[in-house]
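Student: The primary structure of each chain is shown beneath.
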Amino acid sequence: MREEVRQIQRLLEEQIYIADAAIATALYLSMALGKPLLIEGPAGVGKTEIAKSLAKALDTKLIRLQCYEGLDATTALYEWNYPKQLLHLKLEETSPASEAEKEAAIFSEAFLLKRPLLQAITEHERAPVLLIDEIDRSDEEFEAFLLEVLSDFQVTIPEIGTVTATHKPHVVLTSNRSRDLSDALRRRCLYHWIDYPSLEKELEIVRAKVPLIADALSRRVAQVMQATRAMSLSKIPGVAETLDWANALVALNANELNDEIMAETIGCFLKDETDIATFKAELPRINAD
Amino acid sequence: MLMSEIESLVRFCRDLREHGLSVTPAEVVTAAAALQIIDTKDRDEVFLSLRNILTTSVDDFPIFESLFATFWSGLPKKTSDNVQIRRTSPVRATGGLAFFIENWPTSIRASAEPVNLPGASDADSRAEKDFRAFTNHELEEISRIARRIVRRLAQRRSRRWRPVTHGHRVNLRRSLRMSLKTGGELIDLAYKERRPKRTKLVVICDVSGSMDIYSRLLLQFVYGLQNSFAKVESFVFATSLSRITGELKNKTYKRALDRLAANVRGWSGGTRIGASLMTFNAQWLRRIDKQTVVIILSDGWDTGEPQQLAHALAQLKQRAGRLIWLNPLLGSSAYQPVTRGMQAAMPFINVFAPAHDLASLRALEPHLVL
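Chains as they are written, first to last, in my numbering: chain H, 9 to 297; chain R, 17 to 386.
No lab work stands behind these hints: they were computed from the structure. One or more hints might be untrue.
What the hints assert, rightly or not - These stretches of chain R come out as covered by chain H in the derived footprint (C-beta under 8 Å, 3 or more residues):
{"#": "1", "stretch": "22-36"}
{"#": "2", "stretch": "39-47"}
{"#": "3", "stretch": "52-59"}
{"#": "4", "stretch": "70-81"}
What the hints assert, rightly or not - Sample of chain H residues with no beta-carbon within 12 Å of chain R, all distances over it, derived:
{"#": "5", "residue": "T68"}
{"#": "6", "residue": "E117"}
{"#": "7", "residue": "H200"}
{"#": "8", "residue": "R237"}
{"#": "9", "residue": "I269"}
{"#": "10", "residue": "G275"}
{"#": "11", "residue": "K288"}
{"#": "12", "residue": "E290"}
It should be emphasised that the depicted structure is a prediction, and the values quoted were computed from it without experimental measurement. Note that the Cβ used here is the ideal one computed from N, Cα and C, for glycine as well.
Using the sequences and the hints given, assemble the complete structure.
Tutor: This is the structure in C-alpha cells:
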C-alpha cells in the first residue's frame, strides 16, 4: 500500500472516521488526479461524513452545497445583494457620478453574495473541501450547469468577468441513487460505493463514536442492527441511526437490551409503523441468536 | 510505465467494454495516470483504484471484479524500482498516452478474438419478435397522442423562475438594472414567474404472451412518451422485469426496437406481475414520489400469488402521485375484472381504463395531470 494512502487513513481515523482501504484509496486518487469523487450508497452510511472528516483532516474549510429540486445558479453560485444596491443608489442620488460609474459601483464584488460554488472557487488560503450533497435530488439542468463549473473551476460573472480558482477545491459529491445521474457527470468523477458496514466495522464505529457504551452492549447493538437490515423493511436504518440508538442507550444508563429499554428506544432506528411491527415480530428470533 | 503494462490495461478496458461497461478513452488515460502514482504491487490497491476510475455505478462492480482477475494475472510482475519512471505530472503524461491509446487498437487487434459489441449481438432467434408490422399511419397517430399527453404534463409549475413581461412577482435583478437609466429610481418593474414543472412518468408494460397483440402498439406509445419528455422511465416485464429507458432513447423507433429485441429476454413468455412489481419496488420505489404518475399496462393475467401483487401495488400506491392501470381487455363490453390478479389489484388503482385502441389512449390524457 502507498504511504500516502495509509496516511489518509490515519488522518481520517484521527477525526474518528473509521476509514477502510477502499475509501482511503479513493480519496488519495481524487486528490492526486484532481478529480471529483462521487460517493454513492444507501442513506445513513456516512457519505457526508467523509467530506466533513476530510476537511477536518486537511485542516481546511468545508463548503457545503445541499441540493434539492429547483436549485439554480442564483442559490448555488452567486446573487446580487439587491437591497444593498438599492440603498447605495439612493445614497448616491445627488453624487455627480455618471450612470456608467454608478453601474460599475453596484455591480462590483462588494455587492456580490457568494453562494457555495463561488465561495469554493474564490477561497484564497488553501484548497477547501467542496461537498455537493445529494446531487441526485437536483434536476438535470443543474447537473449540466455543475458539470461546467467542475470541468474548469472557473465562473463567468457578466458584470465582473471570469473568476478562476486559485486553489482547485477537493470535490466530493454524494448521491442516494434516487435518480440516474448523467453519464457525463459520472465519467467526470471517480466513483466510490459505500455499503452498510459489516458487523465488525459497525462495532468499531460505535465504540469510536460512543466511547461511553459498555462493550457487551455495543456488540449487542451492532448485532441487532445487522439483523434488522436483513429484514424486509420500507426504510432500512443506517449507521447514523445506530449511533443515535447507542447514544440514547448511554443516556438512559442501559446495560442490556431488555424489552422495556427496547420499547423506549426503538424509535431511534425505526421510523415507520409497519417497520416497527415487522421488527417486533422478528425480535424473538433475533434474541434467540 | 512499461509498455506491456499499458497493453494489459488497454486490453482490460476493451474486455470491460465488451461486457457492457462504457469505458471511454479519457478514462483509460486516467487509469494509466493512476497506475503511475499507486503501488502496483499491491493487488488490492490496484483493484480499488481502477474500480474507482473505470466503473461509474455499483451495478458495474460484479463484471469488473470477474474481469480484474484476468487482468491482474496478465500484468507483468516486477519490483517497485522499475515502476520509477519519468517524473511527469499526470496532466503532462495525458497527452502522450492519449495519442498512444488512440492508435493502440490496430496493434493489438491482430491477436484479438472477435469483438462482440453490446447492442450488435445476435439475439436468441426464438425470443426475437418482429415489431415492424404496423402501418405508418397507426404509428404516427400513436406518437401524436403521446406528444399531446406530454404537453399536458408540461403545464405544471416548478420552483424555478423565468423572466416574463407581465407577471405577479418582481424580478429584482432586472428591475435594478433598468432603474439605472432613471437614476436609481424604480419606475419600470420587470417580472418573473415559476417555470412549468414536468411531472414524472413511470410506465411498466406487460409483454407476456397474453398481451402479444397489444404490447407492440403500446410499446410505440411508450416510445412516444419517452422521446418527448425527459422524465419518463419505462420498464417491460413478462416473468421478470427489465428497464428499457435506455433502449427507447433512440432517434428512430426501428432502432429502438432493434436494441430492445437484442437486450430484453422473455418476450411472450408467462406472466408474473406480482413478482415483477416486487422487483420494481425493490430497485425503483425510492424514485417514485407524489409528482410521479405510474402507469401499468397489463391484462392482469397473473400466474403468481394475488397477495404478492396486492402487496406490491399497496407499496407503489403509497409513494406515487397516481396509479393508473390500463387493461386492453377492458375495451370489450363483456369483460369483467374477475381474474384473481385483477381482483387483488383493484383496491389500489386510482384509474382503471382500457387501452385497446387509439381512442382509449386519447382518453387517457386528463388522468395524467396531477
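Student: Determine for every hint whether it applies to the structure shown.
Tutor: Quick rundown of the hints versus the structure:
no.: 1; hint: 22-36; in the structure: violated (count 0)
no.: 2; hint: 39-47; in the structure: holds (count 4)
no.: 3; hint: 52-59; in the structure: holds (count 4)
no.: 4; hint: 70-81; in the structure: holds (count 5)
no.: 5; hint: T68; in the structure: holds (21 Å)
no.: 6; hint: E117; in the structure: holds (17 Å)
no.: 7; hint: H200; in the structure: violated (6 Å)
no.: 8; hint: R237; in the structure: holds (14 Å)
no.: 9; hint: I269; in the structure: holds (31 Å)
no.: 10; hint: G275; in the structure: holds (20 Å)
no.: 11; hint: K288; in the structure: holds (19 Å)
no.: 12; hint: E290; in the structure: holds (17 Å)
Hints 1, 7, counting from the list given before, are not met by this structure.
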